[in-house]
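As you go down the protein sequences, you meet chains S and G in turn. Okay, so the first sequence: first residue is 1095 according to our numbering, each after it adds one. Okay, so the second sequence: first residue is 6 according to our numbering, each after it adds one.
In short, the hints are calculated from the structure, not lab data. Accuracy of the hints is not assured; some may be wrong.
Listed next, with one range per pair, are the computed distances between beta-carbon atoms [unchecked claim]:
#1 S:Arg1121 <-> G:Gln84: 27 to 33 angstroms
#2 S:Ala1143 <-> G:Pro82: 26 to 32 angstroms
#3 S:Asp1198 <-> G:Lys42: 23 to 29 angstroms
#4 S:Ala1143 <-> G:Lys42: 37 to 43 angstroms
#5 S:Gly1155 <-> G:Glu118: 37 to 43 angstroms
#6 G:Gln84 <-> S:Leu1128: 30 to 36 angstroms
#7 G:Val104 <-> S:Ser1182: 39 to 45 angstroms
#8 S:Arg1157 <-> G:Met108: 34 to 40 angstroms
#9 G:Glu118 <-> S:Trp1106: 38 to 44 angstroms
#10 G:Gly9 <-> S:Ser1111: 44 to 50 angstroms
#11 S:Asp1141 <-> G:His22: 15 to 21 angstroms
#12 S:Asp1108 <-> G:Gly132: 36 to 42 angstroms
#13 G:Glu118 <-> S:Gly1258: 24 to 30 angstroms
#14 S:Trp1106 <-> G:Pro13: 24 to 30 angstroms
Model, not experiment: these values are computed from the prediction. Ideal Cβ positions, reconstructed from N, Cα and C, are used throughout, including at glycine.
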Amino acid sequence: MSEPSWGKWGTWEDAESFVGKTVGVTRSPDAVELGAIRRWLEPKEFDCALHTDLSAAKAAGYRDIIAPNTMAFTYGIGPYWAPEDGLSKPGYEPRQISIPVIFDVPAPCKLSFATSVEIEFFDPIYVGDQITCTSKLISLVKKELRVGAGAFFKQEDTYTNQDGGVVAIAHLDIFRFNPPEGKKSAS
Amino acid sequence: MKVGDTLPEISIPITLHRLVMEAGANRDLSMIHHDTKIAQATGAPDAYANTFFLMGMFERQLREFIGVTGRIKKIGPMQMKTFNCVGDVLVFKATIKDVVGNMVSIEQIVESERGVTTVCRSKVEVG
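Could you put the whole structure together from the sequences, leaning on the hints where they help?
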């Protein structure tokens, strides 16, 4: 199979022009709902009444069932298809996860991987909330690693609810790079 | 509760079935996380668990520790040292590093046959 590659292509000057700017705003296509929470808990074998039982959530001081904190990440992802996209043709390229510093910031790099993630939590995420994620490129630092030459991109994601309340702020470090000629990438 | 105390470990086997369930639920549909050939073409041994899964598992371990009355304040920075692949059995371990009033700082790690694959620092408020 051919060598994989992804990310928006451009020059280093293009990439550097985005530092300090908002590079993406994603409104979750879905409000927070119980079925999505249950399916999120399932593969992790995660059993907590705060995420499934209204009376338990109220007894713990919440006004409704809350989503797991790190489910904020999921509500920061846009739709993979919408009616205005039209119908897929054979051989179409599957859409990747919407990480703006990879897919909306141009850079001369073919590949990428995440090196560090952190997320701080504020307001709870309640069933019925509508989450929006605003992404900003905080910094870009060129570096050469074993896997190839490229740069670390630091993205700050601020997750807010429909009232403007901040539910979480995440920082994501992504290394975008090109593997050495004739070599496959490895992280 | 004191510095040096450990939290109960969580062991979970990584199967392609679990990764597919996880991708559908957390919406990270990057093919490296559920397509063996794509993952191997990027240098990984097999399809591997994504960031959201690992963060969610760290949250599970913290939640099981603090119960419904506690609050999770922060997870991370989390750093991935190597892959968590199909066929691996991941063991989540955690140690209390600091206690100030109700605030507890915890070091979490993931181990598998590949060694320590992931490290994370977290902060919780106990109720």
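Among the hints numbered above, which are violated by the structure, and what are their numbers in rising order?
7, 8, 12, 13 and 14
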